[in-house]
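Fit chain B with the ligands to the known structure of chain A by using the hints.
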Amino acid sequence: MTGEPLLQVRGLHTYIPTSRGVVRAVDGVDLDIGRGQALGVVGESGSGKSVMARAVMGLLPAHARSTGQVLFDGVDLLTLGRRQREQVWGRRIAMIFQDPGRSLNPVVRIERQLTEGMRRHLGLSRTSAHESALRLLTEVGVPDPERRLRNYPHELSGGMRQRVMIAMALTCGPELLIADEPTTALDVTIQRQVLDLLRRVQTSHGTALMLISHDLAVVAGRTDRVSVMYAGRLAEVGATREVFRAPQHRYTQALLGATPTVDHRRHTPLNLIPGAMASPVDPPPGCRFSPRCEFTVPGCTRPGPDLVRVGDDHEVACLNPVSVAPGGELVGR
Amino acid sequence: MTVSILRRAGHSLLVVILVSVTAVGLLSLAPGSVATVILGENATPAAVAAMNTELGLDQPLWRQYGNWLGRALGGDLGTSPLTGQDVTQAILDRLPVTLELSLLALTLSVSLAVLLAVLSAAAPGIWLDRVINAVSSAFLAVPAFIAGPVLIYLFALKAGWFPVSGWAHIEDGLGANLRSALLPALAVSLTEIASFHRLLRTDLIGTLREDYVAAARAKGMPRGYVMFRHALRPSSFSLVTLAGISLGRLIGGTVVVEILFGLPGLGQLVSASITARDVITVQGVVVFVAVTYVVVNMLVDISYGFLDPRVRKAARA
Ligand SMILES: Nc1ncnc2c1ncn2[C@@H]1O[C@H](COP(=O)(O)OP(=O)(O)OP(=O)(O)O)[C@@H](O)[C@H]1O
Ligand SMILES: [Mg+2]
Chain A
254 MTGEPLLQVR GLHTYIPTSR GVVRAVDGVD LDIGRGQALG VVGESGSGKS VMARAVMGLL
314 PAHARSTGQV LFDGVDLLTL GRRQREQVWG RRIAMIFQDP GRSLNPVVRI ERQLTEGMRR
374 HLGLSRTSAH ESALRLLTEV GVPDPERRLR NYPHELSGGM RQRVMIAMAL TCGPELLIAD
434 EPTTALDVTI QRQVLDLLRR VQTSHGTALM LISHDLAVVA GRTDRVSVMY AGRLAEVGAT
494 REVFRAPQHR YTQALLGATP TVDHRRHTPL NLIPGAMASP VDPPPGCRFS PRCEFTVPGC
554 TRPGPDLVRV GDDHEVACLN PVSVAPGGEL VGR
Chain B
70 MTVSILRRAG HSLLVVILVS VTAVGLLSLA PGSVATVILG ENATPAAVAA MNTELGLDQP
130 LWRQYGNWLG RALGGDLGTS PLTGQDVTQA ILDRLPVTLE LSLLALTLSV SLAVLLAVLS
190 AAAPGIWLDR VINAVSSAFL AVPAFIAGPV LIYLFALKAG WFPVSGWAHI EDGLGANLRS
250 ALLPALAVSL TEIASFHRLL RTDLIGTLRE DYVAAARAKG MPRGYVMFRH ALRPSSFSLV
310 TLAGISLGRL IGGTVVVEIL FGLPGLGQLV SASITARDVI TVQGVVVFVA VTYVVVNMLV
370 DISYGFLDPR VRKAARA
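As you go down the protein sequences, you meet chains A and B in turn.
Okay, so the first sequence: first residue is 254 according to the working numbering, each after it adds one.
Okay, so the second sequence: first residue is 70 according to the working numbering, each after it adds one.
Bound conformation, chain A alone (with noise of 0.2 Å):
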């Protein structure tokens, strides 16, 4: 990888007022995608994994607030205007979504869903984009495609339908694809088949992935980088390897203890980490974990703490991290 990250995210915050006050769903965020690059984000539900997502897109609430830098290529997508944003969105960047049974419309034939954007961004004409569509179709493994384009979503199966997002996704050859838990409404058979599937049209096209889960699991094998959020902000980031070989951070670490085996029916949801996720309104002062933190020392509510450089490809914010003793010597990993 050469030059610029694709993706840079600089001091992302978002914030979305509420009848309960404001919602600090994103409090300083930075994040680098390469070209053809995987970058994994993690956390519980609630940490601010959509909302970051949807703010790097522009795809929130037009009463929602987001500040900062979301250079793409250079550009900084927030000061985008609309239309200069459509001709980002599904051309140059890509979205699937978290729950394929419903980010589909279900009045209107997959055909149609499928091809609408190629017939607007790449200007192709009704049989060409068909035949564009089958081929895609094709790709992602989804048998009898010249049937599925006349379906409507309800007749097709959950893993299907994903498909049908993950076909909808490439078809204007985006650089950057961003996958929201796409596995997450999906049966377990079906899950992995979906995740390897992303991955494998994303490494033979190409295209930069951002791969948002709440389980460590999904990430592992199939990002080069991970970036682990809690309550907005940033906890650790780095390697995939290096963060699972050698986890900081004590919230990677309890997200690791976390992390069902094999044995486990991995969407029975898991919350072994004690207490619960540090409210968005009016959050923890100092380190937004340590009110769960069993490892906390004196300075972890005085505000902070930022990221510090671990590792070659590694950075955690976190006072009193794994493989620090507490006197606060490192200790050989």
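No lab work stands behind these hints: they were computed from the structure.
Watch out, some of these pointers could steer you wrong.
Covered stretches of chain A (chain B as the covering partner; in silico rule of three or more C-beta atoms under 8 Å from a C-beta of chain B) [said to hold, decoys possible]:
no.: 1; segment: 306 to 318
no.: 2; segment: 379 to 386
no.: 3; segment: 452 to 463
What follows is a set of in silico ranges between Cβ atoms, one per label pair, in the way DEER data are often shown [to be verified]:
no.: 4; chain 1: B; residue 1: 373; chain 2: A; residue 2: 457; range: 31 to 37 Å
no.: 5; chain 1: A; residue 1: 544; chain 2: B; residue 2: 314; range: 23 to 29 Å
no.: 6; chain 1: B; residue 1: 197; chain 2: A; residue 2: 340; range: 23 to 29 Å
no.: 7; chain 1: A; residue 1: 340; chain 2: B; residue 2: 180; range: 53 to 59 Å
no.: 8; chain 1: A; residue 1: 340; chain 2: B; residue 2: 72; range: 52 to 58 Å
no.: 9; chain 1: A; residue 1: 440; chain 2: B; residue 2: 197; range: 42 to 48 Å
no.: 10; chain 1: B; residue 1: 164; chain 2: A; residue 2: 340; range: 38 to 44 Å
no.: 11; chain 1: A; residue 1: 528; chain 2: B; residue 2: 72; range: 55 to 61 Å
One side only, chain A facing chain B, incomplete, derived with CB under 8 Å [unchecked claim]:
no.: 12; residue: 361
no.: 13; residue: 373
no.: 14; residue: 374
no.: 15; residue: 405
no.: 16; residue: 409
Quick reminder that beta carbons are idealized off the backbone N, C-alpha and C, glycines included.
Positioned in the frame of chain A, the structure of chain B with the ligands alone reads:
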């Protein structure tokens, strides 16, 4: 499927009969009979009694009704004792005016309501939405018998754009015909526009929060396209139901404006017949309107299948 259609048809027949019984019952409570109207105020009681016997009006009400119903089921709505005209023919003569008015009113209501709802749901809460909501609430409070005179005053008397009253038949030119129909149709539409707008606005706002709308936006589809192609149809199920129900209401509403604007439709026919105690004609019109209403509602139910493929599948299964 067939069982449910049969049940539906039986239910509908019951509704139609109840409606006509109620109409006849109410009319029989009013004093006087058509004989008095035909013979004039000064007729002797003996002459009136003779006339009543001749018309069969001396028989008990239930027998009169039974006779009428027997013939009506065979398609014969009888002859008006007042004019000697065949009731079916009288209805068919007046029908085009009422039908045109009601359909024009429905078209106006739906299209204006869709336009307003799309504008206000695009950005709920901003000034445009608030203005539209205010206008819509005002419309809701204006019944046709008030809207009619106001519209006549503003656009016919003051501006002179439309005729004050009267009806131009289509044979006299479509333009003239529409000009004579527009104000009366608008007068009955206002409340419908308001209620359609409210309903569709709410449903649209809900639909616009759906993931599939975000997904369509994320494909870079323009806002107008997303609104009309993706959001409008799944938001319109309850509007279609309401529009079907209100077609019946619009036919009722046109009775009032036909009288206000002096238009030769069913409304005028029925009001003239009520005044003259012409029970046969009133019954005929009432039954005709009730049947139309029932049929329209059935069509509305069928039309769900075209709007929502999920219903189509369930119906086929
Ligand atoms: N439109 C909104 N208006 C107000 N608050 C919102 C909105 N969307 C999200 N939030 C809040 O922002 C916070 C972060 O939500 P988000 O959906 O990003 O979490 P997540 O990490 O994606 O969780 P999950 O795993 O459940 O999808 C939550 O507290 C949520 O309640
Ligand atoms: Mg989410």
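List in ascending order the numbers of the hints, as given earlier, that are violated by the structure. When the structure is compared with the hints, numbers 2, 3, 4, 5, 7, 10, 16 turn out to be violated.
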